[in-house]
Amino acid sequence: MPRLPLPLFLSALQQVELGSWPMVGPLTFVLSVRWLFFIALSCALLFTDWVLLPILSWELLGLLLLLLLSNGVITALGYYRRHLAYLKEVALVSDIILLTAIIYFSGGAMNPAVALYLFPLLIAAITCRAAFAWGCVASTMLSYLGLFYWFKPMISDLHVAHGAPTESGLFNLHLLGMWLTFSLSAVLITGTVSWLMRLLATKEQLLQQAYQKQQEQEQFLLLGLESASLAHQFSTPLSNLFLLSEELSCEPHLSAQGQQHLTLLHQQLELCRQVLWQLKHQAESRLKPVYFYQQLRVYLARWTNLRPDAELAWQANDADCDICVWLDNLFWSALLNILDNAADAGNNKVELVTRIEHHELQPQLYLDIYNRQGHLSDEQLAQAGLNQQDSEKTTGLGMGVWLAHATFSRLKGSLTLRNNPAGVYMPIFSCRCASLSLLIGTRE
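Under this note's numbering, the first residue of the sequence shown is numbered 31, with each subsequent residue one higher.
Worth flagging that the hints you see were computed from the coordinates, not collected in a lab. Note that the Cβ used here is the ideal one computed from N, Cα and C, for glycine as well. It is possible that some hints are incorrect.
[What the hints assert, rightly or not] With beta-carbon atoms standing in for the labels, derived distance ranges:
(1) Glu277 <-> Leu336: 23 to 33 Å
(2) Ser285 <-> Gln325: 56 to 66 Å
(3) Ala231 <-> Gln297: 51 to 61 Å
(4) Gln325 <-> Leu237: 32 to 42 Å
(5) Asp398 <-> Ser275: 38 to 48 Å
(6) His296 <-> Gln325: 24 to 34 Å
(7) Ser269 <-> Asn347: 38 to 48 Å
Produce the complete structure using the sequences and hints provided.
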């Protein structure tokens with residue numbers, strides 16, 4: 031699958047929730063990084079004042095206090111008033127203004143703290159619109175240029191009179207500023223690009239899943255169209271077989287065994303006609319509330335009538351406590367299909383275990399189907415019913431498990447195949463309680 035184009039991806043960043051790193055929204059991300067910006071600026075000024083040059087003044091302390099107050103107020107507004115528009119833009123603009131004022135009172139462009147302009151610019155590029163981000167770039171460039179000419183000197187005349195280092199100290203400060211600028215740029219660029227690549231990989235994975243889901247839906251749509259066409263073609267020979275069975279039933283010299291075979295043939299033809307009728311009206315099928323155990327007994331009785339040679343052991347841990355679920359006819363067809371596969375692979379012996387587990391929100395229904403004599407290959411386990419497979423039966427199409435998986439997925443359920451020491455274990459569960467939402471998952 032082709033990669034997501036980078037310009038399209040970068041433009042989408044303005045709309046997306048920052049859900050990969052950190053697990054927060056854009057506003058929370060901006061508010062968190064602003065505190066990091068305040069800590070970095072305070073540490074830079076304190077380090078310069080204590081180690082290199084005495085630069086702190088009442089103006090700088092007042093601006094730092096104002097920046098701290100701004101962070102607190104905007105953070106409180108963001109926490110209690112998240113619906114306020116342009117709050118993160120206001121926060122970034124205030125940071126740029128206060129940073130410019132701090133640099134003005136601490137030596138101008140000579141101050142290495144100008145590298146901290148990268149913080150609001152980077153945040154604006156990630157979380158805000160492109161027009162606002164480029165506006166921040168233009169304003170910081172003009173501010174940086176103006177600080178070359180208008181600034182308060184870093185060392186006062188009093189320090190010079192007392193023999194404080196000027197030229198060498200300023201040069202060392204400039205070298206240190208170049209190193210800090212490089213280090214900060216490297217950290218910000220590397221961290222941002224790495225985060226963007228991780229987010230891009232996540233987007234690509236989601237697109238691949240959506241593409242795979244779309245292919246699966248197109249495949250099922252094609253299968254439905256083919257099924258409708260074949261059902262229409264199948265109706266004519268089915269009608270002919272009904273006529274032949276009626277003519278044979280009127281045969282006077284038919285033996286008793288032949289009459290039994292003819293009765294069985296008529297039952298199978300009637301079943302085929304019911305299947306065609308269900309296929310015709312399947313598009314109008316809707317979910318409806320039913321009592322699960324009551325309905326399950328009906329379908330299991332129908333299945334045992336169709337397969338009199340099969341032995342079904344049904345264990346219901348709480349059959350007396352029935353549960354109302356939302357299901358349609360497709361669910362029962364898929365369930366009986368899985369029972370057919372288990373019985374065919376297990377020499378007509380299959381076990382069904384049903385149970386209801388009560389959770390905090392609503393009860394959940396579990397169905398476990400055991401085939402004690404079968405064994406799934408590694409390829410079958412890897413496919414897990416996701417693709418059509420070659421059937422080992424002479425009349426099989428290899429679509430039973432595949433269609434069952436699609437049916438449970440449509441109901442937001444799941445089908446899991448696995449081997450255990452007692453045989454093949456195929457757990458299926460799906461639950462939708464009346465008046466409550468659908469709650470389906472995979473039981474490990």
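Cross-check of the supplied hints:
1. Glu277 <-> Leu336: 23 to 33 Å: 25 Å, holds
2. Ser285 <-> Gln325: 56 to 66 Å: Given a distance of about 40 Å, which is not inside 56 to 66 Å, the answer is violated.
3. Ala231 <-> Gln297: 51 to 61 Å: 57 Å, holds
4. Gln325 <-> Leu237: 32 to 42 Å: 40 Å, holds
5. Asp398 <-> Ser275: 38 to 48 Å: Check passed, 40 Å falls within 38 to 48 Å.
6. His296 <-> Gln325: 24 to 34 Å: 27 Å Cβ-Cβ, so the 24 to 34 Å window holds.
7. Ser269 <-> Asn347: 38 to 48 Å: 46 Å, holds
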